Amino acid sequence: MSRSQTPPLLRVALAGFLAWIVPGLGHFYLGFRKRAIVLFLAITLTFWAGVAIGGVRGTVNWRDRSLWYMAELCTGGNTLAATALHKAVGMQPRARGTLPPYPGDWTATDVGVHYAGVAGLLNLLIIIDAVARGDLSGVKRQAGPKKGGAA
Amino acid sequence: MIELLAAFTTPIEISTWMRTLLFFPLAFTIAVVYKTLRTQHLKDIPLSAAVLWITIIAGMYAVATGLWIVFQIMI
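So the sequences go chain by chain: A and B.
The numbers in my numbering rise by one with no breaks, and the one at position 58 of the first sequence is 559.
The numbers in my numbering rise by one with no breaks, and the one at position 15 of the second sequence is 26.
Just chain A, same shape as in the assembly (with noise of 0.2 Å):
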């Protein structure tokens, strides 16, 4: 079954999964590829310099940035990726009732959580946007082709 063919509540919804999965790919699924690719490089590049700079235990952190963790889901592929990578190279310990440990470089933790956060809330304008032209595409077709819609 084609892009074309497929019920508006089923594109609609395919095309928020797959932009939640990997940033752009709702947008390249609705045909809109070269902003797809932008919209890719943009979020995935944020989220990974983030993960970079803070490292990924400190900026992927369920325990302690539970808050920050949820807005990093919102850019789910990449999120669940970082997760799996940070519970490969295993969590801090500390003991139970105790702050996180903070050591020197906790400044660079918190600009990579920023980073990772922001890319995760960036990713849910483009959730949002994904699944606003899944639904106006059907509009669209019915209507005819517009000049300088798609891209």
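Just so you know, the hints here were simulated from the structure itself, not pulled from any lab data.
You may find that some hints are simply not true.
Here are some of the chain A residues that sit facing chain B, going by a computed Cβ distance under 10 Å [unchecked claim]:
1) P508
2) P509
3) L510
4) G532
5) V539
6) L542
7) V552
8) R566
9) T584
10) L586
11) W607
12) D611
13) G613
14) L626
15) I629
Note that the coordinates shown come from a computational prediction; the quantities given were computed from them, not determined experimentally.
Just so it is clear, CB atoms sit at the ideal spot from N, CA and C, and this is done for glycine as well.
Assemble chain B onto chain A, guided by the hints.
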């Protein structure tokens, strides 16, 4: 491969000035993503993203300067 993984597991050391400079690429990403979603024609993205990027940086530094002045007055 191990060196590549180590780049993502070990935090880098950054100074206060470097932390200030690291705001620039983050603001650039915000500008590019926002304009990529909002601009109708792709060829308009570079210029409009650059204008937004400069606007964000100028605005944030204006807010920071204002807060710094308030902080100096209050102490």
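Hints and how they fare:
At about 25 Å, the closest approach between the beta carbon of A/P508 and any beta carbon in chain B exceeds 10 Å, and the interface hint on this residue is violated. For A/P509, the suggested interface contact is broken, since its CB lies about 21 Å from the closest CB of chain B, more than 10 Å. The beta carbon of A/L510 comes no nearer than 22 Å to any beta carbon in chain B, farther than 10 Å, and the hint placing it at the interface is violated. Among the interface hints, the one on A/G532 is violated; its C-beta lies about 13 Å from the nearest C-beta in chain B, farther than the 10 Å criterion.
Because the closest C-beta pair between A/V539 and chain B is about 5 Å apart, less than 10 Å, the hint holds. With its C-beta approaching chain B no nearer than about 9 Å, A/L542 sits inside the 10 Å limit, and its interface hint holds. With 10 Å as the threshold, the beta carbon of A/V552 comes within range of chain B, its nearest partner Cβ sitting at about 5 Å, so the hint holds. Using the Cβ-Cβ criterion of 10 Å, the hint placing A/R566 at the interface with chain B is not satisfied: the shortest such distance is roughly 14 Å.
The beta carbon of A/T584 comes no nearer than 12 Å to any beta carbon in chain B, farther than 10 Å, and the hint placing it at the interface is violated. Because the beta carbon of A/L586 sits about 6 Å from the nearest beta carbon in chain B, less than 10 Å, this interface hint is met. Interface hint status for A/W607: upheld, as the beta-carbon distance to the closest one in chain B is roughly 8 Å, under 10 Å. Below 10 Å, beta-carbon pairs count as interface contacts, and A/D611 has one with chain B at about 8 Å; its hint therefore holds.
The interface hint given for A/G613 holds, since its Cβ lies 7 Å from the closest Cβ of chain B, which is under the 10 Å cut-off. Because the closest C-beta pair between A/L626 and chain B is about 6 Å apart, less than 10 Å, the hint holds. Given the 10 Å rule on beta carbons, the hint for A/I629 holds: about 9 Å separates it from the nearest Cβ of chain B.
In this structure, the earlier hints numbered 1, 2, 3, 4, 8, 9 are contradicted, and the remaining ones agree with it.
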